[in-house]
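There are 2 protein chains.
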Amino acid sequence: MLIQIEPEGKKVACHPDLSILEALQKKDFDIIATICGGEGTCGKCKVRIISGTVSEPAEQELQTLSAAEIDNNIRLACQAFPRESLSLNIIASSSSAQYKTSLSMELSGIAVKPNVKKVFLQPQPPSLADQRADVERIFEELHNKGIVASDIAARLLPCLPQLLRQADWEITTTLIDERIIAIEGGDTTGDNYGIAFDLGTTTVAAYLVDLNNGELLGQSAITNGQSSFGEDVMTRIDRAHGGDLGKLQKAAIRSMNFLLDRLTDETGVQPENIYEAVVVGNTCMHHLLLGIDPYTAGIAPFTPAINISPDIPATLLGLEIAPEGTVHLPPVISGFVGADTVGDVLALDFDIKQQPHLMIDIGTNAEMALSVKGEILACSAAAGPAFEGARINCGMRAAPGAIDRAVIKNNTFQCHTIDNKPARGIAGSGLVSVAAALKREGRMNRRGALKQKNIPAEMLDKENRGIILAPADRTKSGEPLILTWRDIGEELVIAKAAIRTGVEILLKEAGLDLQDLERISIAGAFGNFLNIDDAMEIGLLPDIAREKISGVGNAAGKGAVQILLSIDERQRARRLPKNIRYIELSGYPGFNRLFSGNMKL
Amino acid sequence: MLIQIEPEGKKVACHPDLSILEALQKKDFDIIATICGGEGTCGKCKVRIISGTVSEPAEQELQTLSAAEIDNNIRLACQAFPRESLSLNIIASSSSAQYKTSLSMELSGIAVKPNVKKVFLQPQPPSLADQRADVERIFEELHNKGIVASDIAARLLPCLPQLLRQADWEITTTLIDERIIAIEGGDTTGDNYGIAFDLGTTTVAAYLVDLNNGELLGQSAITNGQSSFGEDVMTRIDRAHGGDLGKLQKAAIRSMNFLLDRLTDETGVQPENIYEAVVVGNTCMHHLLLGIDPYTAGIAPFTPAINISPDIPATLLGLEIAPEGTVHLPPVISGFVGADTVGDVLALDFDIKQQPHLMIDIGTNAEMALSVKGEILACSAAAGPAFEGARINCGMRAAPGAIDRAVIKNNTFQCHTIDNKPARGIAGSGLVSVAAALKREGRMNRRGALKQKNIPAEMLDKENRGIILAPADRTKSGEPLILTWRDIGEELVIAKAAIRTGVEILLKEAGLDLQDLERISIAGAFGNFLNIDDAMEIGLLPDIAREKISGVGNAAGKGAVQILLSIDERQRARRLPKNIRYIELSGYPGFNRLFSGNMKL
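One line per chain: the protein sequences are A and B, in this order.
Per the working numbering, residue 1 is the first one in the first sequence, and the count goes up by one each step.
Per the working numbering, residue 602 is the first one in the second sequence, and the count goes up by one each step.
Don't read these hints as lab results, they were simulated from the structure.
Quick caveat, the model's predicted, so the values are computed rather than measured.
Keep in mind that a hint or two might mislead.
Quick list of the computed label-pair ranges, beta carbon to beta carbon [stated by the list, open to error]: (1) Lys714/B to Gly318/A: 37 to 43 Å; (2) Pro617/B to Lys247/A: 42 to 48 Å; (3) Gly146/A to Gly786/B: 32 to 38 Å; (4) Glu56/A to Arg780/B: 55 to 61 Å; (5) Gly786/B to Lys26/A: 39 to 45 Å; (6) Arg1182/B to Phe120/A: 30 to 36 Å; (7) Ser150/A to Lys954/B: 27 to 33 Å; (8) Lys247/A to Pro1001/B: 53 to 59 Å; (9) Asn592/A to Gly787/B: 39 to 45 Å; (10) Ser1187/B to Ser150/A: 19 to 25 Å; (11) Thr790/B to Thr267/A: 51 to 57 Å; (12) Lys462/A to Leu729/B: 48 to 54 Å.
Cut-off 30 Å, straight-line C-alpha distance, at most; resulting in silico cross-link-like pairs (DSS-like, lysine-lysine) [unchecked claim]: (13) Lys373/A to Lys578/A; (14) Lys1179/B to Lys145/A; (15) Lys627/B to Lys611/B; (16) Lys578/A to Lys627/B; (17) Lys476/A to Lys508/A; (18) Lys1077/B to Lys1010/B.
By construction, the Cβ of each residue, glycine as well, lies at the ideal position given by its N, Cα and C atoms.
Please model the complete structure; the sequences and the hints are all you need to start from.
Shown next, in the form of structure tokens:
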């Protein structure tokens, strides 16, 4: 049995016991940007059946899909099972095949001083007058070049005699610290690569860099494969503790290997020439990657299992870089402030610059840090995944075709999409922009409830699910894009309240007023597209001088790249936790009152 | 199909495509002490078929077995294939089930200071006032006890949170250097074990020791499973280079795991409480264990691939000790002088005592070392496996029932057997003793040829294969034990010539006369049983003052145990190669002339 994907004509084997989604993912993990992971709740995996019989619509499909969609043979790939060979379209807003990261990276200013060193050697071949061992020749030749080597990976030894002789005693050794981790024939010193990962709850981003010159060769991102185990950190913790730890670990690594594969394909870099990986992520992601049950981080007293900064053999994790390559994990701070925040504050020089500077990294959780007088305060707020497109009816990440800004003109939305592509969905920045537009026009109250009497009929969905962002003729899928009442009144209001409450508590702890802040940096892909005025309009950002606020892109990923490129940066990252004071919001006096007060737009 | 082994009644599954030997070895690797490894040449795997049909006698069996043996349904297990279910006896001299090592070990005088440290800890459980990470608590608790820990094995991290809580925050950490390699619940500091292996070409010996007090808990030995790939080092090198490297590596590790299993069974020690192994062996064994093709050591200019002293993760080799345990390999000196010789000279304090002292370690190769004026000279002679029982008609190792001494009285041999058991075969020391007796009585010329006219008929085998050592009614198997003309005239003469030539060249290089030697130590199991007068009689040992010569048992194994028990001893071993000057016999001027001159008894 085969599924043929139109219009590309690509064919995928399928089986009656596998959902269409499972069959497609076996072929290409990233083919559909599912978020709920096959639970039938996110509605992101819509396909249109062109020919062939599938199972009857499941309960979840009847709830998630409109009658019109079902009439048009539109189905959720995660809920529909093939009965015979099929042909289908992937509904455009679901496809992540064209998904591009929109993470800005400014790497200049980092002095390249990597942990990985490659050295070309020409040791003398043996003779009866010189019976030194092969490995002795290598160590002595390194010594002659002033390089200290004290160890060699056991895995290299079996190949050594043949390799040296086949390469005619011209080899390149790769060292991490004083340990030889690779030996290649000839001069391969030019091929020295590293990869940095930002392992987010919803999105995994990867950056492939040339360790010889610090050049960023490629970047890419996909949905974290763990998403199928739940959208937020607490659900993942529950699933891990309930017996799915191994699956969650494997899912993260599969996502990382997928990106590795894509980036090496795109750049022609050989995976065995990638000798080191650096991974930042929140504490839960960090623990899951290591196969550690993160439950202690999720229940009081919220302690992580480890906060050291280990170098893990890549083979132990199954990361498909050089066999003796290592995976470096910068330290985590607490149960809810992880190595991603370490990456953020490193990239933003919080340990160097002393001005009052607030960083908000908006992902599934929002981590915040405040630099003040040589100390760094940090906290984490459960903003939910609204800004990454999850739990929002037509939500998607900031990718081509995503609505990132909107205004209301002539009683309809005029939406701008990323790269000016036909609309596929709405990004987090678009959600903020839509809410701001509705509020400015008096069509929404402060609780986020739409004032229906102020909304013209042409803006309303006929089935009263919500308001029409883009009519069917202006979307990629040919279906209208609809924002529901709940999207704004619940998801957005909660996300905003969580973030503002965190900001207020940090300021209070630091003894600062809003006006004392010299800078606010919005980290994460979200920050690049966010319209600052819109964010101020709905109170997501505090009302301070506009020029103090800027989006800084994926600062956590940038921090990871810095740590990859320079051992000095790595030392800075190692020292950071000592200067970071973690504020536990859940136990903070008056938290609930502050949060309720912020439940408004 | 089954093979039933009588009289025990043990049953083993068999298959027409597997020889009887292969079927038996699948059940119990050590059940038959085969040496040639199934080539049909060593004649050690005799079985008597009681019932059931087997394949017709093969060419090798017709050459190796007597007509009487074949008439009595005696067969070589390696050449005979079952046609149906069988019952059989294993001929006693073939069985190694009762094989005991006869290695003497005197461990007193070694200050116990192992590389492995176990520390009981009671870290504080976390609270909201103390949100330190689990691993931080462990490191700080170690620090409080004055113990430096800088790393923890990544493999331990996944289990850490549960383990700490299940153990109620009472744990024992195991450290190698500054790295935590195991964490166990409760106080397990009493369970700290190590194992030393002497990986010989023919025999693998193992010593299980308590790292808390240096006590030797058990020792055992078996035939090296690699023997099936050839008896001597050069054959193994050929086989490894020809494509059997992986099989040879696995065979060595299987033999080691077999001993590990036997010793842990005997002592009740848990394999996961064995944290370190030390392995000595000649350069070929050392390389094969690491999976390194040893061919460069076997051809000019005879260079080893590695001479470093690595610590290899046990899991990388598949040695079944603690999962994060390590295998330490002391250094090798040259292509033909290995870590076993390092063990020898360490155990004999060659680096400390300056008297002219000669060590001869007689195994399949004979390694020799001479300590003189602060320098150590070493060489290796291809003695062949005669002294270990291989290639000798009724040869066996020094084990209960082995003839270890003989005199001629009333025209018959009066043989002494180890532990006074009924004779099963002849050990190397017995071979020397028999030759000496024949020579003393003028029944053998200096070339090792028997003077038939001086030998009474009752001493001669009726089929003229050789002389009768023990008649049928005095042996365990009920078959007479016969020493062939070839056993003495070829195997013994060559072995003696190789060793004496090595001794002479070492003395010449050192500028010493025989009489300058203050001590000669005979290392190896052989040395314990060797009658010094007999060895002098046939010229195997030089004619010097009798009291200067002594057997010192398995000095290589003792050296390995010293290295296991004490990091100071390990440092001594690391420094030794610098003081050892290797003499390459094959290229030595006049070697062939010297060797020919020594081809006499």
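Notebook entry, point to check: Hint by hint, which ones does the structure fall short of?
Noted result: 3, 10, 16, 17
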